[in-house]
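S.K.: Chains as they are written, first to last, in numbering that gives the first Met the number 0: chain Y, 0 to 241; chain X, 0 to 217; chain B, 0 to 60.
Hints in this document: simulated from the structure, not taken from any laboratory. If you're wondering where the values come from, they're calculated on a predicted model, not measured in any experiment. You may find that some hints are simply not true.
Said to hold, decoys possible - Derived lysine to aspartate or glutamate pairs resembling DMTMM-like cross-links, with alpha carbons at most 20 Å apart: (1) Y:235 - B:43; (2) Y:235 - Y:147; (3) X:152 - X:72; (4) X:152 - X:73; (5) Y:235 - Y:148; (6) X:152 - Y:147; (7) X:152 - Y:123; (8) X:152 - X:64; (9) B:40 - Y:238; (10) Y:235 - B:48; (11) B:5 - Y:43; (12) Y:235 - B:47; (13) X:152 - X:77; (14) Y:235 - Y:150; (15) X:152 - Y:238.
As the list claims (entries may be wrong) - Have a look at the derived ranges for each label pair, beta carbon to beta carbon: (16) Y:62 - X:1: 48 to 58 Å; (17) X:73 - B:22: 15 to 25 Å; (18) Y:238 - X:0: 44 to 54 Å; (19) Y:20 - X:75: 51 to 61 Å; (20) B:33 - Y:238: 13 to 23 Å; (21) Y:151 - X:87: 17 to 27 Å; (22) X:182 - Y:69: 34 to 44 Å; (23) Y:215 - X:41: 50 to 60 Å.
No residue lacks a Cβ here, since even glycine has one placed at the ideal position from N, Cα and C.
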Amino acid sequence: MSIWEYANPARFMRFSRTVLPWVSAAAALLILVGLIWGFFFTPDDFRQGSTVKIIYLHVPSATMAINIWVMMLVTSMIWVVRRHHVSVLAAKAAAPIGATMTLIALATGAIWGQPMWGTYWEWDPRLTAFLILFLFYLGYMALWAAIEDPDVAADLTSILCLVGSVFAVISRYAINFWNQGLHQGASLSLDQEENVSDVFWQPLVLSLVGFGFLFLTLVLLRTRTEIRARRLAALKQRERVS
Amino acid sequence: MWALLIRDLTLAVRAGGGFGLSLAFFLIVVVLVPFGVGPQSDVLARIAPGILWVGALLACLLSLDRVFHLDFEDGSLDLLATSPLPLEGVVVIKALAHWLTTGLPLALIAPALAVLLNLPGPGYLWLFVSLALGTPALSMIGAFGAGLTVGLKRGGLLLSLLVLPLYVPTLIFGAEIVRRAVDAQAIGTPLAMLAGLTLAAWACLPFATAAAIRINLR
Amino acid sequence: MPDLGKYAVEVLSAYAVSLSLLALLIGTTLHRSRSVRRALKQVEARRDDQKPAADKATKDA
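Could you build the full structure based on these sequences and the hints that come with them?
M.R.: So this is what it looks like as structure tokens:
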């Protein structure tokens, strides 16, 4: 079994149909258990009070936001190198999910920041980098939406994804440089290793894995939709021609 | 290559090429800012580096669609693509022409406009240097965006959405140079980073741009 | 309901915003999936009605 077999859309459809119920059930179960456990059965942090509960949404969505971009980069490159149609459709399907995850991470971060840092928005390097990432997602989706020919769109968005990834990494370090240059010692760090103890760790892992499965569910579903949409467009075109 | 550069430059300078437009736009942005933030000269002096850099960046952005779009519409881009000159070379020439007609004039008039914003003394030289060093990167990155959107009918707005996030690092380092020069801090690091960014953009992006144009011409 | 202390508004609004964003994402995904599937079925049915003989040949091929 290799990914090349699923370059055949029919085979991908068959595979995803059998897998989808399991993946979606796992996603629902893990997220429910993780969030309920986190929300109802964990103690408050002695410094952050009950706002620590936001971590069960914030950290998984932020993790997914970055990983989804990496996934899009990999699948786009698979398309560029080997013309794997399902792969590039998966990248297209993943982009809105990634944008939503980025938005969730930003929103929960801002809401958490208000009582903790005294401000909704701080031009902290990490926050800024996420905002830029969100803009990249928007650009990527806009380019997909603007081009009619599916193969041209796939090629151009793949190039954009590659160049965008390089610039995203450069931006990340440039932003680090910029903020430290502006005002010394931004005292606000989101370092998880420091302040997460075991009590918070277990539901966090559950919800993290749950978000991973949720992404898998959605990306499979959306890729199926994209394949159907492309078949639909092809059939309609044939009708018009005949 | 030389002929192509001359041709692009003449087209840009002649009427309808929009040569003066980006400069005028830059002027207007700089004039509008004091109306927005108030006339206190100390406030203006503090935000001057950022305003000048953002203004130059937007003026640069505004003129991007003429890099490839006109040639694409009248078909000369197809001719260029089939000419013995490699498409990567065409891209480099086009970006160079864009820089010579947009980036360099912007860098030249920026110190004059900085007077309007009360930029402190040591900033002028480094404002010019940072713009002269950074605008080539803006032109090349913009040419990449223009290459991506060349086949689209309403590419202008999309072009901005694609290109502006890519401008972030250049803007950060460029404005940082001026800010540090004003504060009499060491400017070696951002200067080196900006130069590196420009060189890397000119070394790598022509290939990506040429690939995008080939796809669009397919 | 656990005692959220003085940060109840923040915690609850964070959960509300995130869950509604997720619901929106899932909703649009399902909606589009359904509408595309329906449209595809329609077109395929129309195609099968119109020229069953010719279509059968292409299907076999």
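S.K.: Is residue 40 of chain B within 20 Å of residue 238 of chain Y, Cα to Cα?
M.R.: holds (14 Å)
S.K.: For the hint 50 to 60 Å, verify it against the beta carbon of residue 215 of chain Y and that of residue 41 of chain X.
M.R.: For residue 215 of chain Y and residue 41 of chain X the Cβ distance comes to about 55 Å; the hint holds.
S.K.: Using the beta carbons of residue 151 of chain Y and residue 87 of chain X, state whether their distance is inside 17 to 27 Å or not.
M.R.: At 20 Å between Cβs, range holds.
S.K.: Against the range 13 to 23 Å, how does the distance between the Cβ atoms of residue 33 of chain B and residue 238 of chain Y compare: consistent or not?
M.R.: holds (22 Å)
S.K.: With a cut-off of 20 Å on the C-alpha distance, tell me whether residue 235 of chain Y and residue 43 of chain B pass.
M.R.: Cα-Cα ~10 Å, so holds.
S.K.: Given the hint that residue 235 of chain Y pairs with residue 47 of chain B, does the C-alpha gap stay at or below 20 Å?
M.R.: Judged against 20 Å, a Cα distance of about 13 Å means the pair holds.
S.K.: For the pair supplied as a hint, residue 5 of chain B and residue 43 of chain Y, confirm whether the alpha-carbon distance does not exceed 20 Å.
M.R.: holds (12 Å)
S.K.: Assess, step by step, whether the Cα of residue 152 of chain X is no farther than 20 Å from the Cα of residue 123 of chain Y, and give holds or violated.
M.R.: violated (38 Å)
S.K.: For the pair supplied as a hint, residue 152 of chain X and residue 72 of chain X, is the alpha-carbon distance within the 20 Å limit?
M.R.: holds (10 Å)
S.K.: Compare the distance between the alpha carbons of residue 152 of chain X and residue 77 of chain X with 20 Å, and conclude whether the hinted pair is satisfied.
M.R.: Holds: residue 152 of chain X and residue 77 of chain X sit about 17 Å apart, inside 20 Å.
S.K.: Quick one, are residue 235 of chain Y and residue 147 of chain Y close enough, alpha carbons at most 20 Å?
M.R.: Since the Cα atoms of residue 235 of chain Y and residue 147 of chain Y sit roughly 14 Å apart, the hinted pair holds (cutoff 20 Å).
S.K.: Can you tell me whether the CB distance of residue 20 of chain Y to residue 75 of chain X sits inside 51 to 61 Å?
M.R.: About 56 Å separates the Cβ atoms of residue 20 of chain Y and residue 75 of chain X, which means 51 to 61 Å holds.
The structure shown violates the earlier hints numbered 7, 15, 17.
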